[in-house]
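Chain residues, written in single-letter form:
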Amino acid sequence: MKGARLIPLALVLGLALALAQDGKALYGQHCASCHGAEGQGIPGAIPPLAGNPRVQDEAYVVKAVREGLSGPLEVGGVTYQGVMPPLPQVSEAEARAIARYLQGLGGAPAQAAPAPQVQGDPALGRALYLGQKALQNGGAPCQACHTVAGVGFFGGGALGKDLTDAAKRLGGEAGLAALLENPAFPVMREAYKGKPLTKEEASAIAAFLAQVSQEAPRPASLYLGRFLVAGLLVLALLLLYQAILWQLRPRSLAERIRAQLRR
Amino acid sequence: MKVRAHMSMLFHLDKCIGCHTCSIACKNLWTDRKGAEYMWWNNVETRPGAGYPTGWEDQERFRGGWEYKDGHLDLRLHSRTQGLFRLFFNPALPSLDDYYEPFTFRYSDLFTAPEGEDQPTAIPVSMITGEPMTPEAGPNWDDDLSGSPLYAKNDPNLKALDPEVRAQLEEIEGVVFQYLPRICNHCLNPACVAACPSGAIYKRAEDGVVLVNENKCKAWRMCVAACPYKKVYYNWATGKSEKCILCFPRLETGQAPACAHSCVGRIRYMGVLLYDADRIPEAAMVPDEELVESQLSLILDPFDPEVIAAAKAEGIDEGWIQAAQKSPIYKFVKVWRLALPLHPEYRTLAMMFYVPPLSPVVSTVEKAFRASQGNGGLVRLDLPETDLDFEVYAALEKARMPVKYLANLFAAGNEAHIVPVLKKMLAVRILKRQESLEGRPTEKALKVLADAGLTLEEAEAIYRLTTLPTLEERFVLPPYHREMAAEVWKDPLAHKGEAGLGYIQPPLRGE
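Chains P and W, in that order, give the protein sequences. Under the UniProt record's numbering, the first residue of the first sequence is numbered 1, with each subsequent residue one higher. Under the UniProt record's numbering, the first residue of the second sequence is numbered 1, with each subsequent residue one higher.
To be clear, the hints were calculated from the coordinates, so they are not data collected in a lab. Every residue gets a Cβ at the ideal spot worked out from N, C-alpha and C, and that includes glycine. Some clues are possibly wrong.
Computed spacing ranges between beta-carbons, pair by pair [to be verified]:
id, chain 1, residue 1, chain 2, residue 2, range
1, P, Pro-250, W, Gly-510, 48 to 58 Å
2, W, Gly-71, P, Pro-250, 26 to 36 Å
3, W, Met-127, P, Arg-262, 28 to 38 Å
4, W, Pro-124, P, Tyr-241, 50 to 60 Å
5, P, Leu-248, W, Asn-215, 33 to 43 Å
6, P, Ala-243, W, Leu-150, 48 to 58 Å
7, W, Tyr-202, P, Gly-131, 52 to 62 Å
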């Protein structure tokens, strides 16, 4: 009967193994694009997870994954200023699986892996951003939802965030390039499902955004004000056109006779 | 052959004195309501003139009636597709400016004005806004050529006239005008019915009255634009279209329509015509100059046994057939060929008929004659009247009311339809005048009569029905047998007892 007692234990072990493996797959799907395949991070932009003491706290990891992080964060003597977006599409159980996987990585100290070489062409990035050059896989150009300072009189779309300081917020050029290839933001993830950016496109856009980050972000009210003024101008033109049409309308016989009689 | 009965009215324009009693009778009976102030289901126009609404005959502007092109008949207003795009903007629709802004006078001022140096006056106020206004137009603003010569000059029927003849018309000595009373023509091929997108307008099978179903009307106003006579009106208060109903509640109770009944000059006649409903399309699709002939060919002989049998097969009552046989309209239109429809070129087959008016006795012939005698341009009436008659008869083309003008009104410009009518009427007048002067029909008068194609008996009958008809001779109204209609769904005696009781549903906007 001893063997029979071992069966549940084996099952639990098997399940735990499966969960751990699951955690690795989930990590690859949701986290690796920024934090690296081995959890090494991007020096100066995205903190490493391997050898990071914080990942030992499962509750902390689950919270960070599901609700995001922002503000200064010190890991291994380096301070990171970026923002980690919330990933609500990752369920709590999945987040726990990821946390368990991260705990398993634990032993190795944070490797100062060489920063991946990202050398995009900002001019190409600008063209892609504006949609002047189509994205290879058919994704929508960034301008459709985002605004950056100094591009377009009325700015761009208002659905997404102003991207002027994106390079600062999201881990510099390298971080952005990684993020663009596999976007973590729920809306953006849906929008680019099945039509991801290629590596070159991502790095080009990242380069462009890094360039733009020199500019000071403009307030949203500036674009709104411009839009209102332009709208009023167009309305005035339309009314003027109508007034001219009304003056030129064919007069009925009754009107013509009355006008002659008044004279 | 599909025989149908039609209640038709005839206007003897030679007798019209332009008193507008008909218009007032109609106004008091039917359009003295909110939203209907500007409507005149019956109006009387002075011709030459622009009419009401101003310039209604200008179909380039108002796009009424039918167009015969490439072997089929199309509404001039629009095709179905065009109609869909013009549902909310119809440039052919007359505006209130084309009618007139209805006004009344503030009579209460006469009683409530404070004591002062001057007599109080009742100032004109708009019936739409209630604000004081200066009336600048009305339904008969150019009555008796008053108001301004501009109205008369803009009569579209003068278009085909010689410039010389037009100039003569405008001379003060030669000024001439006639009256044209108008109601809905209750057409056989009504453009208003065809244009209605809601199917709210229909022509009653029993007597041909064209009616708007106020419950179905959805205020598209296509009928207003499509009617070439501009006799459908839009009530801005109820949001429904309205039109002349030929006083059918009066007809059903054996009374003539109010306009006809009140007519001072007794110019109006009412009677039944039998027509062939099967041949309506082919009658409307002939060249302009044949339109009168083809329309009159639709009207059937009520004495023909074949027609009587076909009428009975269609369920037309014996009383209606008898009324058709006694119909004064049938006599004027078909037997004597004295009456014509108004503007047959609109191809709606108008079923109200007009006897065109004779010109004033003194013709341009006489005027020219006087001028040659050195008596200047002014007309002198010292020539014996009998001689004048013969002169006019011999030179109808010089009549003061140009034949071409009458032809433009009543015969799509075909003078060949007007000349025989005028000749017949003149011949009867000459005959009766000779009889009363000489005591007998003179040789000269009989010659004229024969030339006009009338027998002595016919001339006498025309004379009697024109000048001495009794009420029953003018209005030959068929029995409507409403009790038989009521019998279908109710005990007729119970229905009679309950008449006038029950619920009234006033037409409401958007319903």
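Checked hints:
no.	hint	in the structure
1	P:Pro-250 x W:Gly-510: 48 to 58 Å	violated, 32 Å
2	W:Gly-71 x P:Pro-250: 26 to 36 Å	holds, 32 Å
3	W:Met-127 x P:Arg-262: 28 to 38 Å	violated, 22 Å
4	W:Pro-124 x P:Tyr-241: 50 to 60 Å	violated, 37 Å
5	P:Leu-248 x W:Asn-215: 33 to 43 Å	holds, 41 Å
6	P:Ala-243 x W:Leu-150: 48 to 58 Å	violated, 28 Å
7	W:Tyr-202 x P:Gly-131: 52 to 62 Å	holds, 59 Å
Violated hints, listed in ascending order, are 1, 3, 4, 6; each of the other numbered hints is respected by the structure.
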